[in-house]
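Colleague: Based on the sequences and whatever the hints tell you, model everything.
In case you want the letters, here they are:
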Amino acid sequence: MTWQSLQTALTAKSYVASDDLSVALHLALTLERPLLLEGAAGVGKTEIARTLSLTQDTQLIRLQCYEGLDASQAIYEWNYQRQLLTIRSAAEDGETGKSVEDRIFSRDFLLERPLLAAITQEKPPVLLIDEIDRADEEFEAYLLEVLSDYQVSVPELGTITATCKPIVILTSNGTRDLSDALRRRCLYTYVEYPDRATELAILKARCPQVEGHLANQIIGFVQKLREEDLEKTPGIAEMLDFAAALMGLGIADLTNDPAVLQSTLTTLLKTQSDQAQITSDVAARIAGKAA
Amino acid sequence: MTRVTRFADRDPGPAARVVGFVAHLRDNGLRLGVAEADLSLTALTQVNAAAPDECRRVLRAICTGCKEEAERFDALFDSYWMDAGRVKQRIVPKPQATLSKSVHSSRDGSGEDAGSSGTSTTPDTEVGEADSDGTGKLVATEQRNLSRRDLRDLVRSDEIAEAEAIARRMGAALRDKRSRRRIAARKGDRLHFRKTIRRSLSTGGEPLRLLHKRRPDRVRRIVALCDVSGSMSVYAQVFLAFLAGLMRADKNADAYLFHTRLVRITEALRDKDMMRAIGRMSLMADGFGGGSKIGPSLQRFADTYAKRFVDGRSVVLILSDGCDTEPPDQLGAALTKLKKRSCKIIWLNPLKGWRDYAPVAGGMAAALPHLDLFKAANRLDDLAALETELGAL
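For the record, the sequence lines run as chains F and R.
Numbering-wise (my numbering), the first sequence opens with residue 1 and increments by one.
Numbering-wise (my numbering), the second sequence opens with residue 1 and increments by one.
Don't read these hints as lab results, they were simulated from the structure.
Everything hinted at is true.
When the alpha-carbon atoms are kept at most 30 Å apart in a straight line, the in silico DSS-like pairs for lysine-lysine are as follows:
no.	chain 1	residue 1	chain 2	residue 2
1	F	Lys165	R	Lys67
2	R	Lys340	F	Lys224
3	F	Lys232	R	Lys67
4	F	Lys232	R	Lys307
5	F	Lys98	R	Lys195
6	F	Lys232	R	Lys337
7	F	Lys270	R	Lys67
8	R	Lys307	F	Lys270
9	R	Lys67	F	Lys13
10	F	Lys270	F	Lys232
Modeller: Encoded structure:
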């Protein structure tokens with residue numbers, strides 16, 4: 001399989017990947033290395049993992065990182081309630097200590113969290129570690145261990161080794177600098193906002209019902225809007241929302257009615273100061289330029 | 001299409017070229033090891049290695065680790081593979097110098113001086129000082145100072161040691177802010193109820209062992225921005241020593257210089273050799289002692305680096321006199337933006353130590369409402385005296 005065929009497969013599942021991203025994904029698959037994706041919010045970092053799992057016809061296991069995430073939520077935890085019930089019923093049956101202990105510390109009583117689940121599948125799943133920059137640095141170190149050895153030690157059970165190597169995709173919004181150790185172990189791609197042609201292809205793939213003329217206008221408008229000095233630059237998801245909103249209102253041309261255009265901007269501009277900055281006049285001007 | 005570099009006939013093959021390329025990247029500051037060279041070779045077998053664009057993408061995915069590196073990569077790739085007119089790296093392995101043990105020489109086998117591998121910058125302070133008009137005015141100037149000045153002449157190593165001690169104390173005062181959230185700990189002030197109950201299961205529901213939790217100390221990150229424009233050159237010595245000391249004392253700290261542009265000097269200052277670190281910094285601080293554009297520099301900081309390095313646990317330390325050539329509202333806007341990242345902003349102004357000083361300079365007046373602390377500092381002692389105030393923030 002070449003990277004071009006991967007790119008085609010992704011396009012078939014309506015994800016238009018740039019050449020850079022396709023090559024990096026291809027390498028991640030063939031070299032079995034984790035892939036670290038960075039980029040602004042809303043450029044499709046999370047979506048790529050979902051689409052990849054579709055093309056590979058495998059499961060997607062997602063670990064959403066947040067501050068305070070620890071091993072018991074990311075790797076494994078004992079099922080205490082069940083253990084307690086078992087102890088109680090064993091006591092009534094007159095079962096003795098050692099055998100009960102063996103039973104309640106077996107795999108049946110282990111709750112698999114995403115990382116452990118990912119390495120114990122039959123078929124390599126796609127493991128998406130989303131927004132790794134939100135997790136604490138200690139967790140990053142723990143993650144490194146799992147990603148390099150593909151094994152998890154449970155003190156009561158021993159070491160669980162991987163039955164498969166998952167396809168690991170890490171995403172980061174760059175709110176914190178990641179450690180060099182993590183970066184070294186991963187392949188890296190910075191996902192940019194797409195250029196005009198790519199974004200048009202994305203719109204065609206996701207909303208095929210949008211007509212050619214309007215599609216051109218939408219993309220032109222959004223691309224121009226990204227050049228403005230905004231607090232939150234609209235991403236691809238916002239562009240698709242914008243297109244859907246225009247379709248819902250039955251608009252055929254952006255320049256027709258400034259008031260309606262202004263009302264649909266709520267899908268693109270997500271802070272108060274941005275909305276104040278792009279007034280109806282400004283929006284009309286941008287739409288005029290884009291057309 | 002651009003020309004492809006023609007390698008010499010005695011070139012031992014593609015493997016050596018790739019290794020040479022990795023060495024070329026390493027020389028240009030990318031941190032790469034043997035593993036990356038190995039991985040690059042393996043990866044190139046997975047694609048059509050004859051197509052330059054594919055190689056570029058493959059090597060970029062492997063050899064870069066962050067956005068800045070990815071941006072620089074293209075130029076480095078072109079210079080090595082596309083014959084972009086740079087000095088070509090030697091890719092033929094150098095024959096081992098076969099010197100007998102009894103011969104001691106400072107020159108290596110090829111006759112080059114072994115000590116001359118580092119590039120040295122010649123101090124040209126005389127030129128730099130001759131440029132000043134000698135009236136001693138402290139005003140912001142418009143023009144960029146194009147003369148390069150070696151900062152090593154300004155900073156002495158014993159001063160850095162002193163500054164390091166001060167920076168360490170300041171860091172300690174600033175750094176440890178207690179978190180509101182409690183986490184499990186061996187010695188804590190409260191019972192960790194959930195863990196205690198769960199642990200009690202193993203003893204049949206009797207909580208024999210009590211587990212505790214406490215509020216952990218969260219590290220606060222110090223981000224220092226130092227103005228090195230002409231009007232600040234008298235104080236540069238103190239502040240640069242302070243920055244160098246700070247970087248050595250606190251591995252989380254982050255440092256920037258600005259005059260008409262903003263430069264990140266964190267990496268340069270992390271160099272183990274203290275004077276070499278200052279040397280690297282002076283190479284980056286091109287335009288040192290020129291005009292000051294505080295507003296645009298801070299704006300750029302707020303737009304780029306701050307998004308990555310500044311959060312609610314950061315303390316932004318601005319070392320500047322506030323003499324800005326740009327309109328003051330830009331400075332105000334930049335600080336507003338910075339403040340939205342819920343960091344603390346401290347402005348240390350050397351002029352404030354003067355008698356009868358009032359922050360009437362447009363820039364300073366615009367900045368004042370956004371500051372958490374506005375203090376004087378023009379000697380290392382002044383910085384040391386700040387310790388208690390910073391602790392109270």
